[in-house]
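Asks: The listed protein sequences derive, respectively, from chains A and B.
Under numbering that gives the first Met the number 0, think of the first position of the first sequence as 0, with each following residue one higher.
Under numbering that gives the first Met the number 0, think of the first position of the second sequence as 0, with each following residue one higher.
Hints were generated in silico from the structure; no laboratory data involved.
As the structure is a computational prediction, the values presented were derived from the model and not from experiment.
Worth double-checking, as some hints may not be accurate.
Remember, identical chains collapse to one label, so a pair may be satisfied in a single copy or spanning two.
As the list claims (entries may be wrong) - Listed below are the simulated DSS-like cross-link pairs for lysine-lysine, each with C-alpha atoms no more than 30 Å apart in a straight line:
1. Lys115 <-> Lys75
2. Lys196 <-> Lys10
3. Lys248 <-> Lys229
4. Lys69 <-> Lys229
5. Lys196 <-> Lys12
There are 2 protein chains.
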Amino acid sequence: MTTSDLIQQIKFKKSFLCVGLDTDLTKIPFHLRKHHSPIFEFNRQIIDATAKYCIAYKPNIAFYEAEGLKGWEALKQTVNYIKENYPNIFTIADAKRGDIGNTASKYAQAFFENLKFDAITVAPYMGKDSVEPFLAYESKHTILLALTSNNGAFDFQTQTLDSGEALYQKVLQTSKTWENSEQLMYVVGATKPKYFKTIREIIPQSFLLVPGVGAQGGSLAKVCKYGLNKNCGLLVNSSRGIIYASHGKDFMQAAELKAKGLQKEMAGYL
Amino acid sequence: MTTSDLIQQIKFKKSFLCVGLDTDLTKIPFHLRKHHSPIFEFNRQIIDATAKYCIAYKPNIAFYEAEGLKGWEALKQTVNYIKENYPNIFTIADAKRGDIGNTASKYAQAFFENLKFDAITVAPYMGKDSVEPFLAYESKHTILLALTSNNGAFDFQTQTLDSGEALYQKVLQTSKTWENSEQLMYVVGATKPKYFKTIREIIPQSFLLVPGVGAQGGSLAKVCKYGLNKNCGLLVNSSRGIIYASHGKDFMQAAELKAKGLQKEMAGYL
């Protein structure tokens, strides 16, 4: 899926909502837990309930790995289900991988070739040669961690370098010099709106994947005020706030209502 | 496996060799590729050939994820095989994970509970709350990336902060303040021996997992000169240099010979 296809979908649906599939067997409704494939079944119903209102799905890979083989099977089924039924929806593997070149190539193979995701989140700590194997896939997108939504972001990401810039700014600047950098997107947490202005000065055109609205307390209004650009340039994620809006049999309706509410708010900002 | 158990094994075997299981279907001997479980079968034979000479195995998770469900199955079989047949050998999931707290907990569950690894490599970019869920497992070890073996390490890890210290030094210093930090070990690349002295000033007692000897060109002599401490304090990894020492039917003998050679060299340094 190209960036222009993504922009077209955003305009068409008047939404830049990404639904995070952090599917946890201990949190899905009781009546689904005895299903032979409970994770996929939950995801399938959440997807059918929310596809009209979102332009991306983002399975959080940790939740699938925690379930071992069954988790991987459910992950594969979930991506396939989206591709087959909602081919215009962007799929993001929230995997935050990062390793030396020959290893990064294997992760790229896992998520881009075998699982057929459109995009993957990647950590920058190991630098250029740990990210370029993902960027080598020209039809795919690599979403680099810049400034994350958690408190730990202040441990290293906001530390000032002797050049005067913060580490996350250095990451943004440096990444622009990498091969195929036009396929980069960036993770910027909704909980840190005051940083969006500086970030937009460095990467005015890039898409930002913004977690932290909802359970983590970020404000959609502030994210839009400082983060929107002429092509929208935002993918705002909500996970727990949508998929666990209800833990009962009405979870589909509750998820739909939450997604619809966010889409309506987003339409107002576009 | 406790640190003192590990030290005991190092003394007993006169070795601090970690064998990296970067098992790639396109690189294992031809006669194994038609086996119903080629990855596990290759690993099993490599393990049997090298267990006498090493104190740790480190499967590189990317290589297993790249093979999807079959890869995960092989990974599980491999860890189980080591635990059952060589219970005194330390097992490291080279996964380089790093995410917000609730997600990090899921990765910890995947690698410490389901797969029963003794240790996992973790990336520091997201800070304290992304690492502490791993440290919460008191019988396990968390191996934090400090200064990696690749060229990309110079992009961010060696950048100087306005405090005068390099980012990797800040990572080392800060991590010492985290809860259960005594369970931390650190990744330091063999290709950067001149940094070992500074690193040992910050973390004199900690174990360092050292990749980069062999295919990446690091020198064991230099690593030992600057990295050894009174409890050894090193786990030196070789992957490709051992497991692909031969691509023919004699791969077990070739791997054994390489492992034995490294063990002998290590015995000299201890």
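Asks: State whether the alpha carbon distance between Lys69 and Lys229 is at most 30 Å within one copy, between copies, both, or neither.
Replies: neither (42 Å within a copy, 45 Å between copies)
Asks: Up to 30 Å between alpha-carbons, please classify Lys196 paired with Lys12: within, between, both or neither.
Replies: Cα proximity of Lys196 and Lys12: one copy only (26 Å, versus 57 Å across).
Asks: Between the shortest in-copy and the shortest cross-copy C-alpha distance, which are at most 30 Å for Lys196 and Lys10: within, between, both, or neither?
Replies: Classified as within; 23 Å inside a copy, 56 Å across copies.
Asks: As a check of your reading, is Lys248 near Lys229 (CA-CA no more than 30 Å) within one copy, between copies, both or neither?
Replies: For Lys248 and Lys229, neither the intra-copy (40 Å) nor the inter-copy (60 Å) Cα distance is at most 30 Å.
Asks: When no copy is specified for Lys115 and Lys75, does a C-alpha distance of 30 Å or less occur within a copy, between copies, both, or neither?
Replies: both (9 Å within a copy, 24 Å between copies)
Taken one by one, the earlier hints fail for this structure at numbers 3 and 4, listed in ascending order.
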